[in-house]
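Chains L and F, in that order, give the protein sequences.
Residue numbers in the first sequence follow the working numbering, run continuously in steps of one, and reach 127 at the last position.
Residue numbers in the second sequence follow the working numbering, run continuously in steps of one, and reach 1359 at the last position.
Be a bit skeptical, because a hint or two may be false.
Straight-line C-alpha distance at most 20 Å; calculated PhoX-like pairs for lysine-lysine [to be verified]:
(1) L:Lys13 - F:Lys1179
(2) L:Lys86 - F:Lys1052
(3) F:Lys1274 - F:Lys1232
(4) F:Lys1274 - F:Lys1052
(5) F:Lys1153 - L:Lys90
(6) L:Lys18 - F:Lys1179
(7) F:Lys1312 - L:Lys13
(8) L:Lys95 - L:Lys68
(9) F:Lys1051 - F:Lys1308
From the derived model, a few chain F residues whose C-beta atoms are all more than 12 Å from chain L [to be verified]:
(10) Pro1011
(11) Asp1023
(12) Met1057
(13) Asn1085
(14) Arg1091
(15) Ser1123
(16) Asp1137
(17) Glu1140
(18) Glu1182
(19) Ser1212
(20) Asp1277
(21) Ala1282
The hints are simulated quantities; they were obtained by calculation from the structure and are not laboratory data.
C-beta atoms are modelled at their ideal positions from N, C-alpha and C, and glycine is treated no differently.
For reference, the chains in residue letters:
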Amino acid sequence: MSSIMKFAPIALKNFFSKPVTVKYPAEPIIYPEGSRGHVVIDSEQCISCGMCQRVCPTGAITVDREAKTWTINRFDCLVCAYCVLKCPKKCLEIKEGYQAPGKTKYSETCTKEPEEKIEPEEKKEEN
Amino acid sequence: MGKRSIIPYGPQHPVLPEPIHLDLVVEDERIIEAIPSIGFVHRGLESLITKKDYNAMVYVVERTCGICSFMHGMTYCEGIEQIMNIEVPGRAMYLRTIWGEMSRIHSHLLWLGLLADGYGFESLFYQTWRIREKVLDIFEATTGGRVIFSVNKVGGCIRDMNQDKLNMILRELDDIEKKVKEIQKTFLFDYSVQSRLKGIGILTKEQVHDLSCVGPFARASGLDMDMRYLGKDAYKDLEFHAITSNDGDCYARCEVRVREIFQSIDLIREAIGKIPDGEIDAPVKGLPNGETFMRVEQPRGEAIYYIKTSGKAFVDRLRIRTPTFANLPGLCETLKGANLADVGLLVLSIDPCISCTER
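So that you can see chain F by itself, here it is in the shape it has in the complex (with noise of 0.2 Å):
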């Protein structure tokens, strides 16, 4: 038995899009154990409920995460149209949809561009960017805002997108569609990238049940598990079979990933399809009293949001339970017995969003 060392990886790393500490407890190379430290990014958004009312907490809520900002609003307001029982309209509902799905596949895009640059594939990581500014161009053009959109409210959505600009989204999914495919054939196809993510950090169906994984991770790992099948929104409209895979390693989460990608593409064609005419808000009487838990899949798994309110303005107690907080004891799960060389790539795949876990 050789020595064991400690080396410290994060919160600064040139692969981390957000800071994360771990402690690598490492013997000759194979890492052994792996200690997380979170709290770099702790802003005390959930104590912001005594100072806003609840309509207004909808713009906090959205500001938790950049990259997944939009289903966090629309978690939000899903949870308090519960409590207060409000019937959001059907053209309101398609809305959301096409919203999140499209916030799915952008961010999907970061990630894939995220991983290539984990490897040192640079010029990948450019070319993926480059399709995600076109989704941004929609975002701006449909929502007003390229990040965080402001489109959410507690009974239904602030704009309508007329017919015109649901054409455009045809026209540039389809341009967006063809340019994924050319450049899956990279990531999933070539020989030097599959020699780096092929094979490593494998987790069973059962190691992913018993850690409670979420999300694209443990769908890679052949957990069918997916909370649009709970049939909110226009999901009940929509014809819907989550991606897996079995074979539990980067490279599967990334396939699984990528297909979501094209999943999401025809989801949008078919919601756009259907989309009713009408209202897009419901009016909203009174204030709320009781309590709720609503679960959404956002793209990085499954989000939990408690909600607890007693008939004043302001919420009592809002906790959010995030993806990546989930995820976190399987990444500790996969790293052990991997190499130190592949930690970069392995802390990727859970797909952190840090500032989401730490709020």
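Next comes chain L alone, as it looks inside the complex (with noise of 0.2 Å):
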């Protein structure tokens, strides 16, 4: 049962539809929920234990203990969360939205300060 022509209702009802493509950046994307972009920390809950640094399969997390910082370079970070998994406070999370390109791989600091509400403040550092 063979003829010429099987893709041709197809093609034609493709050339009078408007394009299936999302003209990003115009339009943004919608992430749906759940969806694994980057790692967020709540710096209060944060007792430095260096859990997440030690169980993250490519080193992107660095825990200062003295200084009670914790550093991300997202451009290593997988997004696999097992840092969330594993870390006994649960102050970790994963939340939507992919980071932001480059020139450099910059990392971003949390500090924790023991009175004050947390800033993070980026810290760029030469490739």
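Take the two lone chains and join them into the complex the hints point to.
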């Protein structure tokens, strides 16, 4: 049972309908809930145990116990969520949205201040 | 007898998804012999067992391949669970089966698109991958990632799917089934497509058995061998018969894979209807001690994992035998006597996943 031009109906329908692609960045991308985009930390709960640094498969997380900082290199992070699984205080979580591109591989540091509110500060390091 | 010359084929070729090199001994447009060389994407993943403990190895093993990544993680977890005698709860087994069968649908749709590109039909390639985007959207909504899922762990699954998500999967599968039915008319019944696929690369059932080919490549020649018959996970409760064909040419391999897409959709519907309630992971105590073989039906065929442990947090030896590696001798056999213009389609008909082959 073979004949020619079996694809013609699909091609004609496609010719008269609008394109499927999302015109990013003019149209925003809507990520579904639960999509793995990037890791965020709740610095107030963090006890600087270093567990996330030990289990990270790529070594993207660095924890400084004395200075109580938590640094992540977002370019190395796979967003596998293993650190979220292993954190004893459950202060890490995954949010939607991928990290912004950049010219050098910068790291992001979150410092735990004892009294004041926490602000994440960006520290650019040379590649 | 004419003069023989050697034509190098690949690693860079528009038809190949991944780099493989073949030296084709050619005499007047007919191929006499093909000598393969692999090793262009060898990353040495198996040697990472010395650096990462057995829990973190799941993430490494998942990244062996981008197309069959879920099944790799699942096989590794099942191997470690067999060594440690962990009883995985029923709901986790059903979830793994559902994701595994969707992974198979995704892989076959990807292959169909590449096959269409192989014989020059680019519009069909794009339409098939448009259907595949729907499957990837399901994956992102249920597991968080489009290609690498990271939902397996030793003992069960990390994420659960509630009834809303399962109903969403059923709705999307109806839509996917309708679209694949439209597309299959062109893949199976169009005159110009058939004239390129029918009658090339024929292997008989005895040849396929002697060369130890696996997967849809072997089933298209009549060999009824499928690791889902072993009854692991949810397959013991589902009704399943492997799809075979008797022709053994490229058209039969295409037909087997198209029908497997529909079979997977039916299996997922059956599994969603029968999924039990309960926990999704079991507690893991102690360290693994022992060795095991674990066999699983990946989209391309049977994959074997050999894991050896001896009571430490690090695995002693991990050896992965992937299905494309077993099909390479079959490929060289199909190439004997073929025309030079058919080489691209014959290489694609084994569904080559060279990054699995070389890890």
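Quick rundown of the hints versus the structure:
no. : hint                  : verdict
1   : L:Lys13 - F:Lys1179   : holds, 13 Å
2   : L:Lys86 - F:Lys1052   : holds, 15 Å
3   : F:Lys1274 - F:Lys1232 : holds, 16 Å
4   : F:Lys1274 - F:Lys1052 : violated, 37 Å
5   : F:Lys1153 - L:Lys90   : holds, 18 Å
6   : L:Lys18 - F:Lys1179   : holds, 18 Å
7   : F:Lys1312 - L:Lys13   : violated, 61 Å
8   : L:Lys95 - L:Lys68     : violated, 23 Å
9   : F:Lys1051 - F:Lys1308 : holds, 16 Å
10  : Pro1011               : holds, 27 Å
11  : Asp1023               : holds, 36 Å
12  : Met1057               : violated, 9 Å
13  : Asn1085               : holds, 23 Å
14  : Arg1091               : holds, 18 Å
15  : Ser1123               : violated, 6 Å
16  : Asp1137               : violated, 7 Å
17  : Glu1140               : violated, 5 Å
18  : Glu1182               : violated, 6 Å
19  : Ser1212               : holds, 34 Å
20  : Asp1277               : holds, 21 Å
21  : Ala1282               : holds, 15 Å
Hint compliance for this structure: hints 4, 7, 8, 12, 15, 16, 17 and 18 are not met, and every other hint is.
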